[in-house]
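The whole structure should be built from the sequences, with the hints applied where relevant.
For the sequence shown, position 302 matches number 302 in the UniProt record's numbering, and the numbering has no gaps at all.
None of these hints come from the bench; they were simulated from the model.
All values reported here derive from a predicted model rather than from experimental measurement.
The reader is advised that the hints may include incorrect statements.
[Stated by the list, open to error] Simulated restraints on C-beta separations: (1) Leu338 with Ser232: 48 to 54 Å; (2) Ile117 with His85: 37 to 43 Å; (3) Arg332 with Pro297: 29 to 35 Å; (4) Val129 with Pro183: 25 to 31 Å.
Each residue gets a CB set at the ideal place from its N, CA and C atoms; glycine is no exception.
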Amino acid sequence: MIEETLATAGKKEGAFISRLTVPMKLGYGAGEVAFNIAYQTTALHLIFYFTDIFGIAAGAAGMIMFYSKIWDSISDPMMGYISDHTKSRWGSKRPYLLLGAIPLGLTFMLLFYSPQIGPERLKIVYGIVTFVLFCTAITIVNVPYGALTANLTLDSNERSVVTGYKGVFGIVGVLIAAAATRPIADFLGKGDQVIGFRYMGFVYGFVIIAAVLVTFFSVRELVAQPKKERSSFLENLKVIFSNKPFLILSAGTVFHLTAVMTTAAVVNYYFKYILKNEAMIPAAFLCLFVTAIAFMPLFVKISTKKSKKFAYNLGIGSFAVVLVLLFFFGERNIYLTLFLFFLGAAGMATNWLSAWSMVPDTVEYSQWKTGIRREGVIYGAFFFCQKLPAALAAFIVGIVLTRVGYVANVEQTELSLMGIRLLLTLIPVGFIIIGIVFISLFPIDASMHKKILRDIEERERSKKKKFKRGVK
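As structure tokens, then:
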């Protein structure tokens with residue numbers, strides 16, 4: 001009944017679909033649990049798994065994760081194009097949740113299977129193949145999933161609320177990936193990290209499959225989609241690069257997330273080699289991310305009362321301050337370190353909330369400028385911007401660790417330890433500063449977005465009137 005009411009309201013002239021049911025919001029958020037378990041487990045633990053467990057050199061491990069993104073730069077916008085031109089009884093985006101759920105779970109399992117295949121070069125080949133397959137699977141599912149936000153409602157504030165639900169579920173996925181991965185691997189492996197990470201991959205893989213399917217069966221695409229005009233891949237690239245607000249948001253997000261992912265990727269090394277307390281790694285990740293849940297409602301309120309841009313910069317700015325404090329005081333006391341991680345988590349919330357709630361506005365901006373709605377292409381490009389930082393972070397970590405002479409599972413030199421400290425703190429601060437500059441330039445505020453929607457509605461109404469006159 002509620003779906004019929006919403007659909008009917010959406011068909012009325014001048015009406016916007018605005019209110020979504022709580023079950024739909026919860027169902028949509030469930031998918032974010034799957035994607036964050038998949039994405040964050042690889043972002044937080046994969047390079048450490050490659051170097052200290054699977055036995056690949058730091059530089060090679062970083063290269064595996066970085067070069068896989070070359071394929072992503074093609075597959076992400078391509079998937080957006082495909083989903084934009086898909087027609088089915090389930091909509092244009094939902095079918096790919098059903099199609100990709102099982103491949104995503106299986107490729108995640110393979111990534112952490114850790115076959116004992118001898119020479120390092122064979123391990124590198126295995127790492128490249130499995131990681132590329134995993135990246136492809138997550139693209140098939142997550143690009144359409146992200147684009148669903150624009151197809152659920154046209155109301156900007158409601159999108160912030162929906163994105164808030166998504167963000168909270170995302171944090172749950174992050175907490176599982178961050179705080180549960182090592183304990184699960186230790187418990188299942190009973191002291192054997194190779195076996196432990198393998199079984200962890202099995203457990204997470206099944207959870208990923210189940211969560212994606214929950215989203216598929218829970219949501220509906222309620223926003224009526226204008227007829228899509230066929231366009232070439234190059235034309236879609238033009239849509240992306242002619243969308244100034246999208247480019248600004250993407251650049252700011254890449255720099256911000258590169259900072260976050262660099263810090264997160266080094267936590268395992270920092271606690272193992274500097275604090276010499278691996279048992280506290282789950283607590284560190286828990287502190288780094290748990291505050292984000294508590295701060296979500298605050299940032300939703302700031303976004304609606306002030307602006308999404310203000311909320312975004314406030315969060316990442318606070319994260320930079322915490323990293324500076326961590327560089328100077330982090331090693332004095334492990335509980336002080338955990339407390340600083342706890343404070344820094346506020347900066348994590350802004351990406352899951354502010355960044356993703358700003359993307360739909362750029363979709364309407366593009367439609368306003370071009371007359372064509374291509375949310376799949378835009379979300380595909382932005383999803384690439386979300387994945388690229390983890391690869392950049394792994395590349396940076398791998399290169400820096402190689403330059404400072406890092407060797408896995410031995411006592412580290414002073415130079416190596418300083419490299420780990422800088423990777424955790426001051427290097428990310430530089431990226432954050434650049435990110436803040438870009439986000440400050442984002443031009444779409446609430447009043448501009450309302451004008452964009454009014455203009456689009458008036459244009460569509462005018463088209464309908466011309467069509468009716470033509471029929472007569």
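Each hint, compared with the structure:
1. Leu338 with Ser232: 48 to 54 Å: holds (52 Å)
2. Ile117 with His85: 37 to 43 Å: holds (41 Å)
3. Arg332 with Pro297: 29 to 35 Å: holds (33 Å)
4. Val129 with Pro183: 25 to 31 Å: Given range 25 to 31 Å: holds, Cβ gap about 29 Å.
When held up to the earlier numbered hints, the structure conflicts with none and fits them all.
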